[in-house]
Amino acid sequence: MKVEAIEYGDRKVYSVGAFNRGVSSWLQRLPTVWVEGEVTELRRSDRWASVFFTLKDPQDGSCLGVSMARGQFDALRLELVDGDRVHAYGRPELFEARGEFRLRALSLERFGLGDHLAALERLKTKLAAEGLFAAERKRPLPLLPARIGLVTGNDAAAKRDVLTAVTTRFPPANVLVAETYVQGPRAAGAVVEALGALCREGVDVIVVARGGGSFEDLLPFSDERLVRAIADCPVPVVSAVGHEQDTPLCDLAADVRASTPSVAGRLVVPDLVQLLERLDRSRAGLERGTRRSLERERRRLDGMHERLGRAPRLLLERRRAKLEQSAGRLRALSPKGTLERGYAIVRAGEQIVRSGGTVQPGELVDVELAEGGFGARVEETR
Amino acid sequence: MTFEEAQRELEQIVQRLESGEAPLDEALKLWDRGEELYRFCKERLDTAEGKIEELASRAEATKP
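Keeping their order, the protein sequence lines are chains A and B. Here the first sequence is numbered in this note's numbering, starting from 55 and rising by one per residue. Here the second sequence is numbered in this note's numbering, starting from -5 and rising by one per residue.
Don't take every hint at face value.
[What the hints assert, rightly or not] Just a few of them, taken from the derived set where beta-carbon distance is under 8 Å, the chain B residues facing chain A:
no., residue
1, LYS23
2, TRP25
3, GLU29
4, CYS35
5, LYS36
6, GLU48
Hint data in this document are derived by calculation from the structure and do not stem from the laboratory. All C-beta atoms in this analysis are idealised placements derived from N, C-alpha and C, irrespective of residue type, glycine included.
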């Protein structure tokens, strides 16, 4: 189709209508394709020739307006509600009167169970390849959480089970409950939001609990956003979703998987009675250990004291022994022993007479014996 | 300090004391520290209020 432009000198200018017609005719050359998304804002009226809805990408929230002939739409009897996943077959078109781009659907199919399973398997493979489920990522749960976050449905038995298990085991537990949708198209987004809100409020650990349900009921817990949010959660997450045989992907991304909500409740708190017993044992050990150290120290001190008491006597004895020894030596050297053997000391005045030449006949000398002595006169000298 | 850290340290102190290897000065210091840790742990258990609160989420507000 030829699009007429108006010339203003060098400038070519299109009217809005011409522009839209031009783009529209260009778009019509694009092929017919299948597009997958979630139905939202479905608008249908018996007075309208077409039905309108928006297809939303559950991954990134991208939106695409869709129109479909009402007769065709009604004939499919899909009974779609917001959030239903569909495949739409159509081609892009421009609604010229408003310059709005949209998909003109020729056919529409509900996204079936088989598709869900295949998509789930693909997602699981992809996330596993990213390492989201790796054992190294798993964090230990805190022994004594100051506050526990609980994400659960509003009337859920799961909620009651978790709370009962928690408060039975640890009565003083603090729990912050975030009630939210746990099934249906809004569930995944709502749970992600609840996780974020709990983290902002400040919790040490989060339990995501939901009872059993159909495959479709549990699908939100395999939603990529939700699985990623659990893996990225700043605090450890315990997942108790569905029954043992169901393995929603959130179970794989969580730090701990609990088979039931009750088990999850018991996992996140310590047993108060045991904890107190353990603490009291520690305290008793503290006293026992300190007393033992004190007693040992006292025994050592007593030993020292005793040795200290013995010290002066030892010193005295040692002195006495030394004295005796000196006395012995003194006795050995004194002339007394010699005198006792029969020798005598002869003194002339103060001088000991050692030679005959030092005295004169007639001189008086003093003779000292072992016992007593006597005075004598020199008769002759030799 | 978390409850776990306090409890772990307390139990290590008890072990050291019971081994009888700590000299008196150290033993008394350990005992002081142990008592402090015990009181910390006990207080954490005693002051927990045991409350269940509801977080009024935005999802709640947009419920039909």
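Practice task
Go through the numbered hints given earlier and state which of them the structure violates, listing their numbers in rising order.
Solution key: 1
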